[in-house]
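Based on the provided sequences and hints, a complete structural model is requested.
For the sequence shown, our numbering gives the first residue as 5, with consecutive numbering after it.
Do not rely on the hints blindly, as some may be mistaken.
As the list claims (entries may be wrong) - Pairwise CB distance ranges, derived in the manner of DEER restraints:
#: 1; residue 1: L245; residue 2: Q8; range: 39 to 49 Å
#: 2; residue 1: Q8; residue 2: E293; range: 44 to 54 Å
#: 3; residue 1: K228; residue 2: K7; range: 42 to 52 Å
#: 4; residue 1: L245; residue 2: H135; range: 13 to 23 Å
#: 5; residue 1: V210; residue 2: P67; range: 33 to 43 Å
#: 6; residue 1: R28; residue 2: T302; range: 27 to 37 Å
#: 7; residue 1: R9; residue 2: P172; range: 38 to 48 Å
#: 8; residue 1: A297; residue 2: E63; range: 15 to 25 Å
#: 9; residue 1: L174; residue 2: A229; range: 16 to 26 Å
#: 10; residue 1: P64; residue 2: D207; range: 45 to 55 Å
#: 11; residue 1: T251; residue 2: H135; range: 31 to 41 Å
Hints in this document: simulated from the structure, not taken from any laboratory.
Positions of the beta carbon are idealized from the N, C-alpha and C atoms, including for glycine.
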Amino acid sequence: MAKQRVIATAPGKINCYFRVGPPREDGYHEVASLYVAVSLTEQIEATLRTDGELQLSLEPDSPVVHDPENFPLGEGNLVYQAAQLLREHTGTTLGADLHITKRVPIAGGMGGGSADAAATLVACNELWETHLDREELGRLGARLGADVPFALMGGAAIGLGVGDQLAPLLTRAKTHWVLIPASYGLSTPRVYGMLDRLRAGMDIEVPQEIDPAVIEALMASDAKALAQVLANDLTQASLALAPELGTMRDLAEGAGALRAMVSGSGPTLALLVSDDEHAEEVMAQLGDEVGVATIPVTAPAAGAHISLSE
Numbered sequence: 005m006a007k008q009r010v011i012a013t014a015p016g017k018i019n020c021y022f023r024v025g026p027p028r029e030d031g032y033h034e035v036a037s038l039y040v041a042v043s044l045t046e047q048i049e050a051t052l053r054t055d056g057e058l059q060l061s062l063e064p065d066s067p068v069v070h071d072p073e074n075f076p077l078g079e080g081n082l083v084y085q086a087a088q089l090l091r092e093h094t095g096t097t098l099g100a101d102l103h104i105t106k107r108v109p110i111a112g113g114m115g116g117g118s119a120d121a122a123a124t125l126v127a128c129n130e131l132w133e134t135h136l137d138r139e140e141l142g143r144l145g146a147r148l149g150a151d152v153p154f155a156l157m158g159g160a161a162i163g164l165g166v167g168d169q170l171a172p173l174l175t176r177a178k179t180h181w182v183l184i185p186a187s188y189g190l191s192t193p194r195v196y197g198m199l200d201r202l203r204a205g206m207d208i209e210v211p212q213e214i215d216p217a218v219i220e221a222l223m224a225s226d227a228k229a230l231a232q233v234l235a236n237d238l239t240q241a242s243l244a245l246a247p248e249l250g251t252m253r254d255l256a257e258g259a260g261a262l263r264a265m266v267s268g269s270g271p272t273l274a275l276l277v278s279d280d281e282h283a284e285e286v287m288a289q290l291g292d293e294v295g296v297a298t299i300p301v302t303a304p305a306a307g308a309h310i311s312l313s314e
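So, in structure tokens, the structure goes:
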């Protein structure tokens, strides 16, 4: 019996380690990244349509959408592109109503759009009974964006190439973070462009590996050791575009965070803390003294998966 409704979720991510090489001729940059999926997820509810149409809608209570009326729900949305790509690849003529609930900060350096795409691929693959395996979905996802394969995989992984060459780290060791979302986004291409301008004339090597100390600290769930080795080459570019991030980073560390770092291309800040209790202390300090909104998360989290199928 054909499925009528499927709900899938996929996680946002933090880059514990992110080294960026020089721009290639195609404009992309080779990276060495250590991804961890976090317990903040995007949700896609896919309802079957037999007329072949793809119709997107947004959950109006999505906490990170400040202007729901102007949220893009057309062919430029990665949800639409993921569903359309799956249809083209499999030849199915079915359609879907795709209802999006966004919780990962938009244009925040946490891969929210990639999580949307991953959840859509998983949901529609189940809804339309197209029977692609995870490896095939990952290859499709890579055509949509470098972070999509990791959103499908979840957990923790080393990413090389443009971030799409993934090697999973088999760890369940938990780390605790507090996120500070910004009220604005930063375009990833704009941040990379700024990085290239800041590095103009410098001899930048292509990164080949992750600092073993980062992997060791993450695998051991040693927050204090991890705090000493977190790294993100995009930080200087993000701070050049949004200098207030530096002020907020200093406030966060002053409030007791072991380390505050820009997540990916920013502007979300990821604060590493020791445990749940420490997270509450830091959040209370920031809320009381600065009035900053915060979100507690843990890592690693599961990759894109189905939470309901009927």
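Each hint, compared with the structure:
At about 45 Å, the CB distance of L245 to Q8 agrees with the hint of 39 to 49 Å. The given range of 44 to 54 Å is respected by Q8 and E293, whose C-beta atoms sit roughly 50 Å from each other. A beta carbon spacing of about 47 Å between K228 and K7 agrees with the range 42 to 52 Å that was offered as a hint. Checked against the hint of 13 to 23 Å, the pair L245 and H135 fails, with Cβ atoms roughly 44 Å apart.
Between V210 and P67 the CB atoms are about 39 Å apart, so this pair conforms to the stated range of 33 to 43 Å. The supplied range of 27 to 37 Å is met by R28 and T302, whose beta-carbon atoms lie about 35 Å from each other. One distance hint, 38 to 48 Å for the beta-carbon pair R9 and P172, is violated here, with the actual separation near 31 Å. Roughly 19 Å separates the CB atoms of A297 and E63, a value that falls within the hinted 15 to 25 Å.
At about 19 Å, the CB distance of L174 to A229 agrees with the hint of 16 to 26 Å. Look at P64 against D207: about 50 Å separates their beta carbons, and that is inside 45 to 55 Å. For the pair T251 and H135, the beta carbons lie near 51 Å from each other, so the given range of 31 to 41 Å is not met.
Hints 4, 7, 11 from the earlier list are contradicted by this structure; the remaining hints agree with it.
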